[in-house]
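K.L.:
Please take these sequences and the hints and turn them into a complete structure.
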Amino acid sequence: MFEITTTRHNPLVDPVLSVWSWEIPVYLFLGGMIAGMMVLGGLNMLRILKGERPEGFFSVQTPVLGFVMLNLGMGALFLDLAHKLYVYRVYMAFEPTSPMSWGSWVLILVFPVLILSALIRLPEAWPWLGDRVPALRGWSEAILARPGLVRALAWLNVLLGIGLGIYTGILLSTMVARPLWNSAILGPLFLVSGLSAAAAMVHLVSSLVPGHPAPRSFLGGALAMLVQPLGATPPEPRTAVSLVRADLAFLAIELVLIGLLFIGLASSSASHVAAIDLLTSGKYATVFWWGVIVAGILVPLVLQALELGHRIPHTVIPALLVLAGGFALRWVMVGAGQASHMIAATGM
Amino acid sequence: MSLSPLRIEAVMEQLSRRRFLKISAATFGAGAVGSQIPVVSSLAMGSAPPAGKVETIATYCEMCFWKCGGIAHVRDGKLWKFEGNPLDPMSRGRLCPRGTAAVGTHYDPDRISKPLIRTGERGKEEFKAVTWDEALNYVADRMKKIAAEHGPESIALWKHGTGSRFFEHVMRAYGCINKGAPSFAQCRGPRDIGYLLTYGTGLGSPEPTDIANTKCLVLIGTHLGENMHNTQVQEFAQAIGNKATIIVVDPRYSVAASKAKYWLPIKPGTDMALVLAWMNVLVAEGLYDKEFVAKYGHGFDKFAAAIKDNTPEWAEGETGIPAATIRITAREMARTRPATLVHPGRRVNWYGDDAQRSRSTALLNALLGNWGRQGGLFLQAGMSVAGYGFPKFPEATKPKVDNPDGKWPFADEEVTTGLRQATISGKPYPIKGWVVYAANLLQTLPNEKETIEAISKLDLLVVVDTHPSEITGYADVVLPDTMFLERHDDLYVAWGRQGWAALRQPVVPPPGEQKPAWWMAKQLADRLGVGEYMPFKDMDEYLAKRCEKSGIDYAKFRKEGIVMGEKKPITVEEGATLEFETPSKKVEFWSDQLAKAGFDPVPKYTAPETPPAGYFRLVTGRAPVHTFSRTQTNLLLKDLMPENEVWVNAVTAAKAGLKSGQYVKLRNQDGVVTNRVKVKATQRIRPDTLYMVYGFGHTSKMLKSAYLKGASAAQLNTRYKVDPLMGGTSIHQNFVTFEKEA
Amino acid sequence: MPRFGMVIDTLKCVGCMDCVVACQTENDVPQGFCRDWIVTETRGEFPTLSLEIRSERCNHCDNPPCVTCCPTGASHVEDFGKTVQVTANACIGCKACISACPYGARFVHPKGYTDKCTFCLHRVKEGKDPACVSVCPTHCMVFGDLDDPKSAVSQLLNSRKHRTLLPEAGTKPRVFYLS
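Protein chains in written order, with the numbering used here: chain A, 1 to 348; chain B, 1 to 742; chain C, 1 to 179.
Since the hints were made in silico from the structure, they are not lab data.
Incorrect hints may appear among the rest.
Unchecked claim - With a straight-line Cα cutoff of 30 Å, these simulated DSS-like cross-link-like pairs (lysine-lysine) come out:
1) B/K295 - B/K586
2) A/K283 - B/K659
3) B/K124 - B/K665
4) B/K427 - B/K400
5) A/K283 - B/K144
6) B/K53 - C/K82
7) B/K114 - B/K537
8) B/K392 - B/K144
9) C/K128 - B/K53
10) B/K53 - C/K111
11) C/K161 - B/K243
12) B/K704 - C/K111
13) B/K78 - C/K111
14) C/K82 - B/K243
15) C/K125 - B/K53
16) C/K125 - B/K78
17) C/K128 - B/K559
18) C/K82 - B/K261
19) C/K150 - B/K78
20) B/K53 - B/K78
21) C/K128 - B/K556
22) A/K283 - B/K655
23) A/K84 - C/K111
24) A/K283 - B/K400
25) C/K82 - A/K84
To be verified - A short, non-exhaustive set of chain C residues, derived as facing chain B with CB atoms under 7 Å:
26) D18
27) V21
28) A22
29) L51
Keep in mind that this is a model prediction, so the values were computed, not measured.
Just so it is clear, CB atoms sit at the ideal spot from N, CA and C, and this is done for glycine as well.
P.N.:
Structural data, given as structure tokens:
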């Protein structure tokens with residue numbers, strides 16, 4: 001028999017660590033999705049260089065979408081900070097051992113890359129703006145005229161995207177104190193989950209955007225921007241299919257990675273074994289099994305496979321499920337991970 | 001790493017603070033801080049090490065009855081912290097958690113801040129705030145009325161703690177001879193009588209236990225470490241460090257038990273059987289101190305014959321402790337005697353035969369020959385400090401009411417329940433007024449119904465206290481006292497390894513309209529026409545005069561807080577000689593006076609009742625962070641222990657379907673049901689016993705932050721036995737069962 | 001430069017929480033929070049039991065994960081005594097350090113920054129012991145320089161059986177428990 005009591009009673013720390021609420025899962029989810037979009041968008045930009053037409057959905061809409069998401073994500077991150085007035089201190093130091101510091105600086109780099117990437121086709125996508133700010137058109141042409149710059153931008157997108165995606169996992173996985181997070185799989189898992197969410201998001205948004213061109217008038221254009229911030233051109237069916245195909249691959253890999261995460265934890269210390277229980281049978285089990293695994297991975301896998309086989313019509317349902325599953329994964333991992341703690345191996 | 005501007009600032013603060021400390025060291029003990037400070041409802045916040053102008057004032061603590069010397073630190077005019085006074089023999093520079101948390105009592109928002117007069121029914125806690133004049137006039141007028149109708153003897157004082165000193169004085173001057181202090185019959189009284197009957201002297205407070213030097217310490221129910229009798233806990237740790245053999249007798253695996261070589265999880269109520277068996281072994285095996293017994297013992301042969309049948313085998317059946325364990329532990333005790341100490345205990349009023357049980361431990365100590373010996377019970381040394389010089393009190397013309405016809409022949413202090421009974425019966429004469437100083441009679445006396453009945457007979461109930469409590473709700477007048485850091489009190493002149501005196505002086509002003517007890521007493525004296533008994537202007541003058549008469553340097557005393565008396569030999573090893581004030585002038589193994597009064601001359605064991613099926617015996621104890629029912633709203637202490645738990649053996653709990661953390665109510669054999677209390681399912685207690693820290697389960701709504709937190713053990717004490725020797729009342733005679741929450 | 005550590009004798013500790021209260025008043029720790037606390041571990045079955053009581057706090061680790069994860073350097077190793085400290089005005093309240101600490105030693109101060117035990121550096125600089133050490137009625141805590149072989153802490157560690165909490169975390173804690 002073993003009884004343990006403590007007199008510690010610090011809010012958010014006891015009885016179970018819960019310093020991070022919804023904000024961090026939102027931030028990690030959006031960050032992962034942005035990362036995924038950057039990777040997909042970057043790869044697409046490379047196709048432009050191969051001579052493909054630059055109208056492709058990825059080449060402009062995703063950077064703009066990413067930019068919007070990035071602001072939302074950083075907004076969530078800011079909301080989480082407990083000492084908000086001092087937020088500027090993040091950018092007065094670079095702490096090489098801190099994933100949080102790395103992440104903060106990566107985010108700063110992501111902003112200009114996204115903006116530059118968006119500029120390539122912004123004037124065409126948003127004629128109401130391009131017509132009125134001719135400089136935009138000039139910059140767009142200047143970028144397109146320099147293949148080297150486009151290539152660099154493309155690779156920056158890919159590399160920063162991978163970095164950002166993995167970072168959202170590394171942020172957690174470096175904490176030895178939280179056994180559930182304590183796995184090198186977490187970075188790749190969050191990256192792949194981000195890619196899948198990105199594909200789903202792009203797919204979703206493009207399906208929702210009406211197919212007619214954006215109004216050119218200032219007022220109409222600006223209003224259109226509010227309701228359809230991504231421009232007016234939906235992806236070609238070819239792109240849509242490739243999105244679904246990519247997503248199938250991402251979901252499959254994600255499933256494998258989750259399996260590997262469990263195998264890794266299960267074959268580790270008692271603390272790690274106990275951490276699995278938090279997901280599989282504890283407070284978070286329902287959301288994990290039904291939200292992450294079934295609704296977030298298995299059902300979309302099946303639906304999308306059927307869609308590709310033309311057994312069922314294309315709908316946004318798989319995309320919605322993938323997005324919900326992606327957020328559920330972050331929420332479950334952040335919640336259960338905080339609850340997981342080290343168990344003294346040696347005892348008394 | 002270079003210093004950031006921020007850190008430089010911190011260093012500067014550091015430096016300036018150090019300078020302030022130097023300055024304040026020069027003005028150390030300059031008296032209370034003059035400036036009025038605003039009321040602070042909560043503690044200050046901030047993680048940076050505090051900086052500011054710090055003053056220190058020495059005083060002695062009243063968070064409990066131990067009265068440790070401490071040094072209060074005032075930062076920028078506000079009370080900051082309270083530390084032990086290194087000069088003080090009690091604290092030795094280290095206070096207990098309650099003393100350290102005195103700050104939290106000063107700032108406690110639940111304190112009574114204004115004089116109150118009752119507007120509603122008694123017990124309903126309905127009051128109006130009045131001026132001090134109104135309140136004091138009300139009290140004086142009622143007292144005069146009672147005195148005119150029944151005589152001043154019909155007003156009684158209930159008291160606990162230093163502050164009652166001048167209330168007692170003024171009331172005695174007015175002719176109020178009746179009084180009661182729960183510290184006797186509800187606490188250490190049985191022990192003191194047990195020792196008085198054996199050695200000719202009680203032990204008093206602090207007990208003369210040389211724990212620091214003992215080689216074998218026996219604790220029977222004494223849960224050192226959970227009861228924070230500071231000096232004893234310090235010495236207990238020393239004994240652990242010295243690798244003394246520790247033997248703990250307790251139905252619960254107490255903290256002390258966890259430090260012991262032998263834990264004897266005894267069946268509650270059978271302690272005397274164990275002690276008798278231990279003595280039986282010591283005598284039968286010839287292990288006792290024959291020299292001591294031959295030289296100082298009275299009636300040893302008759303004693304030996306009386307305990308002849310109390311063999312370990314017999315005791316095993318009673319106590320549940322294996323006979324072999326009883327033998328082994330008895331031999332352990334004998335091995336290190338006389339440096340073996342059976343702790344006499346303090347709150348020993350458990351089963352109603354406590355004076356005799358205490359006498360049995362006194363005799364066990366006598367067999368070990370540890371009286372006046374190193375590592376045993378030392379001889380207390382005192383110091384004499386001159387009194388102020390008051391006029392003589394008027395002669396009492398009536399007898400006291402608390403012990404009619406010497407019903408409890410060996411009580412040497414007033415019997416509280418006797419006073420209560422006299423109030424109920426009106427015999428031998430009516431008791432119509434109670435002045436209650438800092439004693440929550442509804443929790444401290446057994447069976448609160450009787451207390452409420454007694455209150456219903458009163459024309460006047462005055463409660464003087466720092467905090468509301470259950471008794472406050474019944475008061476006609478409530479007089480808000482300052483807490484000890486805000487007032488002067490009389491000197492604490494103490495007995496110990498070396499006599500000493502400690503000074504209490506105000507550190508900070510009270511947060512509201514509270515006044516010190518001495519001031520209230522003086523005001524009352526004037527109004528009652530006995531002003532000549534309080535001839536001093538204030539306490540400063542009073543204390544200065546006492547010091548002057550005694551040759552104590554008052555200025556130095558104010559600075560240091562402690563004056564030590566003369567060093568005298570306190571053990572045989574140091575050259576002390578042993579004398580006993582018993583009728584035989586010896587240690588009375590056989591007590592003729594007990595025999596004469598019709599009691600057992602040698603303690604005799606009676607088996608306790610067995611609880612009915614489904615019921616458990618409830619035993620109670622203390623927590624290190626609370627004092628009685630007085631500290632539950634302390635800002636610092638309530639954080640650490642906001643409510644009590646009922647300890648239930650893990651197997652018992654599983655059978656009853658109870659889990660740790662779950663709330664249950666407790667119902668006793670008389671159908672009394674407590675407030676809800678958390679279950680602590682644990683291996684650390686016998687399956688037939690429940691344990692609770694007492695003092696919780698407040699029903700006073702005025703104690704906002706403690707109201708209905710935990711359960712009250714006192715509430716369950718409806719069935720109590722009265723010690724026939726001295727009137728002590730039992731607290732462990734109740735059987736309780738669980739009522740699950742719907 | 002010293003390397004401060006603490007040695008706590010669990011045989012003497014009675015768990016009275018005096019260390020907690022003393023810390024609270026000394027450091028103005030806000031109500032409802034604590035920088036140190038008492039853990040009680042019971043093993044065995046009635047009546048064969050053992051009990052360990054520990055006063056716990058920040059371990060001022062030699063390898064502090066709270067410092068490595070801090071994005072601003074607010075959590076840092078102070079030169080003086082190699083103790084782990086938080087600069088409140090550099091802390092953004094991201095709480096990464098709170099998650100990273102295997103001992104649960106940190107919390108969010110109501111003002112927003114991370115707070116925890118400082119080893120009472122302000123007292124140590126004045127030549128005093130930390131508040132918890134100097135108040136303990138059982139004298140179960142000893143504070144001093146682990147790098148000084150003559151210090152009381154070093155001598156205790158050399159002469160008594162001891163352990164740290166969660167050594168497997170690799171944090172190299174500097175609060176040692178004697179048993």
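K.L.:
Could you check the structure against the hints above and give me the numbers of any it violates, in ascending order?
P.N.:
Of the numbered hints, 5, 14, 18, 19 and 24 do not hold.
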